[in-house]
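Colleague: If you read the sequences in order, they're chains A and B. Numbering-wise, the first sequence is residues -10 to 403 according to our numbering. Numbering-wise, the second sequence is residues -10 to 403 according to our numbering.
Worth flagging that the hints you see were computed from the coordinates, not collected in a lab. It is possible that part of the hints are untrue.
The list makes no distinction among identical chains, and a pair is therefore deemed to hold if it is satisfied within one copy or across any two copies.
Mimicking SDA-like on lysine to any residue, the simulated pairs with C-alpha atoms at most 20 Å apart in a straight line are [what the hints assert, rightly or not]: (1) K116 - R(-9); (2) K116 - P353; (3) K338 - G54; (4) K85 - T391; (5) K235 - Q13; (6) K79 - A89; (7) K78 - N51; (8) K219 - E335; (9) K340 - E169; (10) K1 - D117; (11) K85 - R66; (12) K402 - S339; (13) K128 - A89.
2 protein chains.
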Amino acid sequence: MRLSRLFTRTTKNVPADETARNAQLLIQAGYIHKEMAGVYAYMPLGLKVLENIKGIVREEMNNIGGQEVLMTTLQPRDIWEKTDRWDEKKVDNWFKTKLANGTELGVGLTHEEPIVDASGNYVNSYKDLPYYVYQIGNKFRNELRAKSGLLRGREFLMKDMYSLARSQEEHEQMYEKAIEAYHRVYDRLGVGDRTYRTYADGGIFTTRFSDEFQTLSDVGEDKIFVDEAKQVAINEEIMTDENLAKLGLNRDDLVEKRGVEVGNTFHLESKYTDALDVYYTNEQGERRSIIMGCYGIGVSRLMGVVAELFSDDKGLVWPEEIAPAKVYLVRIGGDEAVRHADELYEELKSKGVEVLYDDRDARPGEKFADSELMGIPYRVTVSDRLIESEKYEFTTRKTGETSELTRSDLFAKL
Amino acid sequence: MRLSRLFTRTTKNVPADETARNAQLLIQAGYIHKEMAGVYAYMPLGLKVLENIKGIVREEMNNIGGQEVLMTTLQPRDIWEKTDRWDEKKVDNWFKTKLANGTELGVGLTHEEPIVDASGNYVNSYKDLPYYVYQIGNKFRNELRAKSGLLRGREFLMKDMYSLARSQEEHEQMYEKAIEAYHRVYDRLGVGDRTYRTYADGGIFTTRFSDEFQTLSDVGEDKIFVDEAKQVAINEEIMTDENLAKLGLNRDDLVEKRGVEVGNTFHLESKYTDALDVYYTNEQGERRSIIMGCYGIGVSRLMGVVAELFSDDKGLVWPEEIAPAKVYLVRIGGDEAVRHADELYEELKSKGVEVLYDDRDARPGEKFADSELMGIPYRVTVSDRLIESEKYEFTTRKTGETSELTRSDLFAKL
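Assemble the whole structure, with the sequences as input and the hints as a guide.
Modeller: This is how it looks when you write it as structure tokens:
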């Protein structure tokens, strides 16, 4: 894309109430627009990053057989009353709204109930199970405070998957397979080495633990204790001697850290399926409960985590796999430079390389600063001087390393 | 995809309150799930159709230079008060909700205000204009009645685009270019020959007409009058002698029809930009108003229109470009048929042909009926008898034509 045509601009103006570094950087770089606390719109480059993250999550869920659906934001009261999750005394972060006739509706904050309810249309026999079903869509949570930018939204994009199994054993296999897919997602996003499977509270209806995925970060809201050797962690909220013994963890091996929860997985047992009267019939013709798991990944939160972790005093530093473009092409100089840069832009595009082409009439320093703030992995500069020596300046955003490359070396790198 | 693994099933059970044929068919075929009146969830095959339609719309908007963003569902009151569209006496189909502290929020029913507000961050000079910006996202409208399935939703997927121009002349050019893109969208969806640009009321703040795109259908809510020779129409609501004269239309050339509004485009003049204090500075350094247009396409409504129009007594008949798969592969018989069908399935997949493979243990009649109900364009049957004669049965859903093809003829067709 030519920057002269992109309607967003980098800016120094950040809303005064924006205290989170991830949102500050993303606003400055023109990736997001703050609608209100905890509610952000995605501008063209921000949407590209979000779509790239969605793409990775989708691929890994499809790889384990996940079937994608899209549930609704507006929610009818009845299915939530069956699981006793409608009452605001039980679930305190609903947004609610009303039909013109006064009927109260929920604004989707999670989707176990509608997923189970829809599944009831299709599941009868043991032959109809097991399966994974997932969606990538907006969730709405009425948070009292929302000060962490994309890390805690009132409106945010989430991938939520559900497994429906015929037995506890089948459930355990599906659960672990999903956990493996989660690790692949974090690896591909470049945060795998600092993201720990973390034992946490299982919720009100199971004595088992849930698993959180915690990415180490100073801005994390959670206190966790990491066992480096075992590559697992435990959330402070469940760190009792009894639980440590149960989990085979030793207090002396644990190091205190702060983490951002970038995913969580729960054993739902048959709470939702039983409550919504969705059963299956086994080979002997007997009615049996369906065992469920649920698996969440905060897609927009991950964008915030990556923005926050991979940044420096000059701006964002996107990992290549989710960057909105691979190359930031800087043009410096007159007609000759324009011709050379235009040609290079077209050639890179034709080879499938995503390029942000800074074709604006702006000072070189401004172009370099924008390329750094926007965090594009590689910067290529075309200038009159470089044209004369038949070279391109090539700079890696992450390391700051700069070299002058011949044309063939440049194409080899990209 | 193997049907044995797809978690949805075709069904004869349709909710008793579902009277719209498009929704009845889509529910029977397992494409959608009714959450409540006017609110539908998309199951895997339904989501594929929806994504295919989105893909076409996105391509055509990108082709005219549209830049994609994603605005938010939760809306702050202040920007809507500036345009006097917050008060429910002025706009009567808002869904509203509240933050925990009591602050009232809107649930996005359209997005002129937030788009203009966000644009204000980036637009200063004449060099920053013109542009098109669009999104494909959910809209929420508190409709009193929602009885037409996907044709009138309380929650529905819409593409909304906005043009920001520096002058009336520039606006007119952008407006007509968008109209051309709209015609290409309808052509590609297979409804171009029955979709008319239709003059309609321009709204409260302009004396000009708006344009609707009306697809002829007996279930349409709008009465329109078509001039076949001119390939345009006029909505009954503005059909006065004065307007006919203004538009150069003659009452005698007009034929009354019913239409479904599948798109609309408005001249917004500078109502929103002025109200939200977003201006630009021209080459002489003078402050000038920004002239806007807005352009809507009901993406989920189009899915309903196509389902309703292209159907027969056996079920759905998807146009190839948006069908969830190109081929429905029916397997009849024992081990030999399994081996042959498995091979064909893998080979078609490897050639990039999307296949729904009916590998279930079910009667042939059931498989044929499902393939018809689901509306997949081509059915290929592998059976013991056909294997013996080295043929495949090939049936076109639209025409019902069946022939027996050799392997090479089959691959040539697909």
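Colleague: Does each hint fit the structure? Answer for all of them.
Modeller: Do the hints match the structure? See the list:
no.: 1; hint: K116 - R(-9); result: between (53 Å within a copy, 14 Å between copies)
no.: 2; hint: K116 - P353; result: between (65 Å within a copy, 18 Å between copies)
no.: 3; hint: K338 - G54; result: between (34 Å within a copy, 16 Å between copies)
no.: 4; hint: K85 - T391; result: neither (54 Å within a copy, 53 Å between copies)
no.: 5; hint: K235 - Q13; result: neither (42 Å within a copy, 52 Å between copies)
no.: 6; hint: K79 - A89; result: between (26 Å within a copy, 15 Å between copies)
no.: 7; hint: K78 - N51; result: neither (37 Å within a copy, 47 Å between copies)
no.: 8; hint: K219 - E335; result: neither (49 Å within a copy, 41 Å between copies)
no.: 9; hint: K340 - E169; result: neither (34 Å within a copy, 30 Å between copies)
no.: 10; hint: K1 - D117; result: between (56 Å within a copy, 17 Å between copies)
no.: 11; hint: K85 - R66; result: both (10 Å within a copy, 17 Å between copies)
no.: 12; hint: K402 - S339; result: within (16 Å within a copy, 31 Å between copies)
no.: 13; hint: K128 - A89; result: between (23 Å within a copy, 16 Å between copies)
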